[in-house]
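Residue numbers (my numbering), protein chains in the order written: chain R, 1 to 491; chain B, 492 to 614; chain Y, 615 to 1040.
Listed next, the in silico DSS-like pairs over lysine-lysine satisfying Cα-Cα at most 25 Å (straight line):
| id | chain 1 | residue 1 | chain 2 | residue 2 |
| --- | --- | --- | --- | --- |
| 1 | R | Lys387 | Y | Lys726 |
| 2 | R | Lys478 | Y | Lys862 |
| 3 | R | Lys331 | R | Lys189 |
| 4 | R | Lys295 | Y | Lys852 |
| 5 | Y | Lys710 | R | Lys387 |
| 6 | R | Lys368 | R | Lys170 |
| 7 | R | Lys288 | Y | Lys859 |
To spell it out: a stretch of chain Y is covered by chain B in this simulated footprint if at least three of its residues, at any positions, have a beta carbon under 8 Å from a beta carbon of chain B; those stretches are:
| id | segment |
| --- | --- |
| 8 | 763-777 |
| 9 | 814-823 |
Hints were generated in silico from the structure; no laboratory data involved. We put the CB at the ideal spot given by N, CA and C, even for glycine.
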Amino acid sequence: MNKKYDVIIIGAGISGCAVAWKLARYNLDILLLEKEADVATGTTKANTAIMHAGYNADPNKLKGRLNVKGNEEIREVSKKLNIPYEEIGSLVVGLEGDDLSVIDELYQKGLKNNVKNMEIVDRDWLFEHEPHISRDAVKALWAPTAGVITPWEAALAMAQNAVANGAEVKLETAVEDVITEDGKVVGVKTNQGDFAADYVVNAAGLYADEIAKMVGIEKINITPRKGEYYIYDHAKDFAVNHVVFPVPTPISKGIVVTPTVENNLLIGPTSHNVESKTDLATTREGLKEVYNGAKKLYPELDLRDTIRVFAGLRAADDTEDFVIEAAENVKGFVNVAGIQSPGLASSTAIAGYTLDILRDEGLALSEKKNVIETREEPVRFYEMTNKERAKMVDQNKDYGQIICRCETVSYKEIVDAINSPVGARTVNAVKRRTRAGAGRCQGGFCGPRVVDIIAQELGIDPTQVKQEEVNSQILEYKIKELLGSKVMNNA
Amino acid sequence: MIETKTLTCVACPKGCEVTVEYEGDEIIEIKGNACPQGQSYAEEEIVAPTRILPTTIRVKNGALALCPVKTTKQIPLENMFEAMEIIGSKEIEAPIKMGDILIENILDTGADIVATRDMPAKI
Amino acid sequence: MLNVKKDLVVIGGGPAGLAAAKKAYDEGIKDVMILERDFELGGILPQCIHNGFGLHHFKEELTGPEYAQRFINDVEERNIEIKLDTMVLDVTKDKKVYAMNKEEGFLEIEAKAVVLAMGCRERTAGAIGIPGTRPAGVITAGTAQRYTNIEGFVPGDEVVILGSGDIGLIMARRMKLEGADVKAVCELLPYTGGLTRNVVQCLEDYDIPLMLNHTVTAIKGEGRLEAVEISEVDENMKPIPETAKTIKADTLLLSVGLIPENELSKKADVVLDDRTGGPIVNEGRETNIEGIFACGNVLHVHDLVDWVTEESQIAGAHAAKYIKEKFEKTEKCAEIKAGENVSYVIPQKIELEAGDRKRIPLYMRVSTPLTAVDINLYADGEKLYSFSEPFAKPGEMISVPLAQKTLDDLDNVNEIKVDIIEKEGE
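Isolated chain R, as found in the complex (with noise of 0.2 Å):
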């Protein structure tokens, strides 16, 4: 072990990397550590993404008390790291049917939460603020406060950001074991080397108790959780102007129908328990109850326009809460697990919250001088005018070759979405950096070429570029090679 950082944080989803960006203000040596090739790519990359306003929240848990405050947050830090967010608010439809009492007690529950702004709405403002919401509907809670986000892009704006004050990030790095001595944390043991630390931030989402496990607690246990997606092109014609909910019931939150940020349409999720931390399938049946529960609240909806299905695992502690806390059987070691629903609402205020800990802990923390607090704006030509876009191009001739059509990306956007730091190494990290392949022909034109400038940039062989995870390969052969090698074999 060479160097000795004061804090390693393990995993770099949202929590991990909003833990990085808050604790890179101060004068410490901070290790991001992220087992795939990429940050985000766990549950921070399948969700519904929103930020919730926390009527929905239980006052009485972690969980209660973080969500309004990240809400509430989001608003400056979206603004300095140059984060897509918009606040277009949100609604608890009840129908006819429903059991619109719950819908009074989502109310009472925010106040509590204190939660802004809410409202009581009824029939004749739905038709007017959803027009094609069920004519079902009886009335709703409308809370402004709700908004959407693109949560692979806040985490990868909170990591790029503690880079530039300073710490470091690793990706394909996994932690194999958490060293202790003397009852306290002095590292960890990954496959990339060992590093020292006088503390560990345990953000690990869905194997969030295997790494607990390592340092002897047992008493946190992640139970997978799939949520099933469809997601639509930019569907015009269907214009959803709020992140709408049902009302929930017992069992389930139920379906949603929300715009994303960029602009398309999501329905889901499903809530179903799962045996495996890699169980990513959707299914038959999955897909079927998203796509009837979002046909109950908007009865127009149909499968023409989908251009995507896709589901993530929910890291559900069985305490149904966040766990964030520092181990009590060793010293130095902090928990951040069990970060489901409202986990990316509360992102800032996790990170805040894990300061805390921290400095109870005994980490000292003076604040540095200079610190760099915002973002510049990545270039986006699929938002710029044609104006915008003829100026870029002035500037640099890079932008003005569109490798994606559907979208709208330059060569020169996913030659830097490669080379800035914590720079894309995937074809999918590519992807949710410029939004190249996400459009409605998915990659079939742009491809062959966002391989090709990876290759390039990278100086790997195409053969060598992956999708997202280790063994994601795209290309297995060079062509002629293959036939070479059964002709070889037959030989």
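Starting from the known structure of chain R, arrange chains B and Y on it as the hints suggest.
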């Protein structure tokens, strides 16, 4: 043993359904063809089917890594993979012009392998 | 920002755009510009290295690249302005085209007429919602073809193909010849969507099983594809769970449909036909927007490039006419309707002065495979005439000439209808 086989003739887009009665290599009767081409196609298909082979060949110093090629006439279907191996083992230097003969008389079939496009040298 | 005025702008340099540009030029419009997003002309043809192109148009059997090369030569000989690596971002209904490339930056082009020739895109796995995981190794057949024939890579070597359209069949053979083990081609319907010659020369020749009434019901694999589950389907195309079986595979190619690429058309307020996915056009291939024409796969998905060429020549000729003298439209517009067993007919209306036109080819597709058919044309309910064909298949477009003389003999036709009916008792 007398066998019957029904084929779709591919000599022209009409696609006549041709029925052939045969015993081993001996043709007994051919029905359903609208023209003599159908007859010869059917005969050949039973006894010794042939095909055009379209594939690619590796290019050295070309604008692209591969140049599409084809056989100048049909070659026996049973020779396909061997022909593929021979073509796969070669690399041709650019520039190449459409129609250039890249391999002569492959497997002694009388068919050449020709380029089906221009392939300029890399700039 | 580059501002240019052009007589004719052709969006797309594939076979449709090339034929339209060449024809317009030969009809007297010399000021033509082709805008192409790829690094070379030819559209999809350069990657279609197989033969079967040109049997009608050139009376020869050519490969895709050879067919393209002829038109590329024609266009280059005529000094038609070509911009490669140029992406069109916007088209307005007053025929302003906005595009971008590396060398010149942003381009604003004012055209007297525009030909839309953007082709189509492939339907994706996500769009058909195949349950399962989302590993590497699942790609559309056209993209696999690009990798194999242009970029020089074979995606994998244990292959299952979903969809027996031409692209799926062609790629089955291509992968097999390059050394892959192609385990099956699955087809949801009880019949194949591709040309019969492709079933023979791509599947039967290589003993690749064609599994009709089958579909992929699950994708398995973390990271890279490991297996696919296929199931038989019932008459309603619903999977029969007891028939599910798993095939080990590292590559799944999807050939599940082509979608005309009309996002730009919509920006220009062009009205589309739900049945084709492409613009509604008159016999000159003019859309509802004056001076904007459409041809090729962007208008409706073709199976033979020869028809693309014929259609694009019609579009190019009319674009030229429009530029020279604008059109005289007839007082009455005859609508062309798809009757029984017809999925669609192009053009959807006839509204131009005949001039010296001899006939109007009507392009149509049967909606289900039929044998021994009569193709009947009716004018306002009265039968005009019939053609007989031994069979009609959805995967093979039918071209029926509507003689101008016939139209001239009729007064004020409101509606022309086409149907395809199986003959009785055969």
